[in-house]
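Start from the sequences and build out the full structure, keeping to the hints where you can.
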Amino acid sequence: MPYVVRRPDRNLWEQSYVPETVRGLGVTLRHFFRNVFGRRDTVTLLYPERRRPYPPRFRGLHRLTQRDDGAPRCTACMCCQTACPAECIHIVAGEYPPEHPLAHVEKYPVEFWIDELRCVSCGLCVEACPCDAIRMDTGLHPRPVEARSHLIYERNLLLSISDTAGNVHTANPRKK
Amino acid sequence: MTAFFIWTTVLKIAAFVLFILTGGALMVWVERRLSAMMQDRIGPQRANLGRFRLWGLIHVVADGLKMMVKEDFIPRRADRLLHALAPILAFFPVVVTFAVVPFGPTLDFAHLGAVNHQGPLFSGPWATTLQVATIDVGLLFVLALAGTGVVGAVLAGAASDNRFSLLGSLRAASQMISYEVTLGASLVGCILVFGTLRIEQMVLWQHEHVWGIVVQPLAFLLFLVAGIAESKRVPFDLPEGESEIVAGYFLEYSGMKFAMFYLGELMEIVVLAILLTVFFLGGWDVPFLYADGLHVDLPFREVWVWSWPHGVVVLVQLFGFTVKVGAMVFLQMALRWTLPRFRYDQLMDLGWKVLLPLALGNIAVTAVVLAALR
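As given, the protein sequences belong to chains A and B, one line each in that order.
First residue of the first sequence: 2, per my numbering; consecutive thereafter.
First residue of the second sequence: 36, per my numbering; consecutive thereafter.
Hints may be right or wrong, so weigh each one.
Pulled from the structure, derived: some chain A residues nowhere near chain B, Cβ distances all over 10 Å [stated by the list, open to error]:
(1) Arg7
(2) Asn12
(3) Trp14
(4) Asp42
(5) Thr45
(6) Arg53
(7) Arg58
(8) Arg60
(9) Glu88
(10) Cys89
(11) Glu147
(12) Ile153
(13) Ser161
(14) Asn173
Mimicking SDA-like on lysine to any residue, the simulated pairs with C-alpha atoms at most 25 Å apart in a straight line are [stated by the list, open to error]:
(15) Lys388/B to Leu13/A
(16) Lys388/B to Val19/A
(17) Lys388/B to Pro20/A
(18) Lys108/A to Tyr55/A
(19) Lys388/B to Trp14/A
(20) Lys388/B to Arg175/A
(21) Lys388/B to Asp10/A
(22) Lys388/B to Pro9/A
(23) Lys47/B to Leu232/B
(24) Lys105/B to Lys47/B
(25) Lys388/B to Asn12/A
(26) Lys47/B to Gln153/B
(27) Lys388/B to Arg11/A
(28) Lys108/A to Arg175/A
(29) Lys47/B to Leu353/B
(30) Lys388/B to Gly25/A
(31) Lys108/A to Met79/A
(32) Lys388/B to Ser17/A
(33) Lys108/A to Leu141/A
(34) Lys388/B to Asp196/B
(35) Lys388/B to Gln16/A
(36) Lys388/B to Thr22/A
(37) Lys388/B to Arg8/A
(38) Lys388/B to Pro86/A
(39) Lys108/A to Ala94/A
(40) Lys108/A to Gly71/A
I should point out that these hints are in silico values taken from the structure, not numbers from a laboratory.
C-beta: ideal position from N, C-alpha, C; glycine also.
Have a look at this one:
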């Protein structure tokens, strides 16, 4: 469909270019002198030395939380693995041995892998977990590594990561 | 040709080469740091010598070292001789232009402490003009050198065996040739008013009467615009464009050859600033300062005279010259970080349909006014 490109309305003063250039120079110089002699308007953060604090709900690396006795809170229910849209979680469930107090009560993760390279940081695994066993409150980024396999985190590593306050435990959400 | 003449000439050349080389290197820093300040950024500040960062000045050294150790790349099918010659040809006219520019009045080594009553330009056994070459065709020499600048750009593009380079050099050539016309024509008004082609005489006229910008304000504007176009910088930086032709005519250059183009471009800023100062801002003239000291005059009587020794006067005038050049450099930098670039047809329109008629009109009006005043 044909249409007309509307040219901006400019009067002769603006069209003559020079006065508007002078005005533009004024803006440039105002910024220059304010930055050199007055308060600096720069918002740049000198990154490695100074960091912007993350918001409290920032979703960082995953961690698996521990019970008071250090066992994984996870019951290998596969909810997170099912919820994960990136399919980056892999769990191998196992039974506790018969003499264990939780035998025939719960399962536990024999293996728990998270591929941090695949993870899209959506947080659905955290929401899906009925046991508060997986969290993303570590405030960490994945470290730079030399091989992709180094970013597939396994169970014990995930269990050892703490939240920003240093906690590795969580309370049993089903015990009031 | 006395030994004194030879020695002073060698000294002047050395001083000027030192001035422009350090000036050119410093321009790298000035450009980055100033642009950062103008755009609310911080600018380079990481290079350091231990705990000293010197506001990013060390980046200049780091840049120089990097340029020197970088691979000197020549495309396989490029013309090796012309490819090597082009940066030299682009660099040469920029440096040589400095030779005819007076950066101060005559300096008499025998009478540094005495008050000078002979006026700013004089001759004597121990006197030397603060100008490398005093030649009759001074201004024409400047324009001729400005004209040769295009050769380097064209050769660089043609010898590189790269279509982007060729397009870039085409753009550079047509742009520089277009604006050269205005560059020369805008100065004709100055020649008419000052009545000479000798640059030191032009400065002297401004010293005795008024600065060129007062009698030729339009020419100042035209010369500034045409000069920026000649130096191929924003808003006239069409010869290079990342999105269209990558780096333009110096696309296939690296290492020191690239540095010569880059430094040449930055030194052109200094050259343009110096030319603007000499033709329009009175060169080494400092208001109220004459060869024998400070004068405050009313139209019909001298109110107050303070005699200064010759050496001090020349020193202050040299300082004044430097300040004016610095101000003009700053103006160009501020323009560069204020204006967006032109489209190519706008560039040609501005050159041929606006600036050239204005320059010709300026010549006509100046000539008529001068004839009427005679």
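- Message: Checking each numbered hint in turn, tell me which of them this model violates, lowest number first.
- Response: Structure breaks hints 4, 5, 18, 20, 24, 33, 34, 38.
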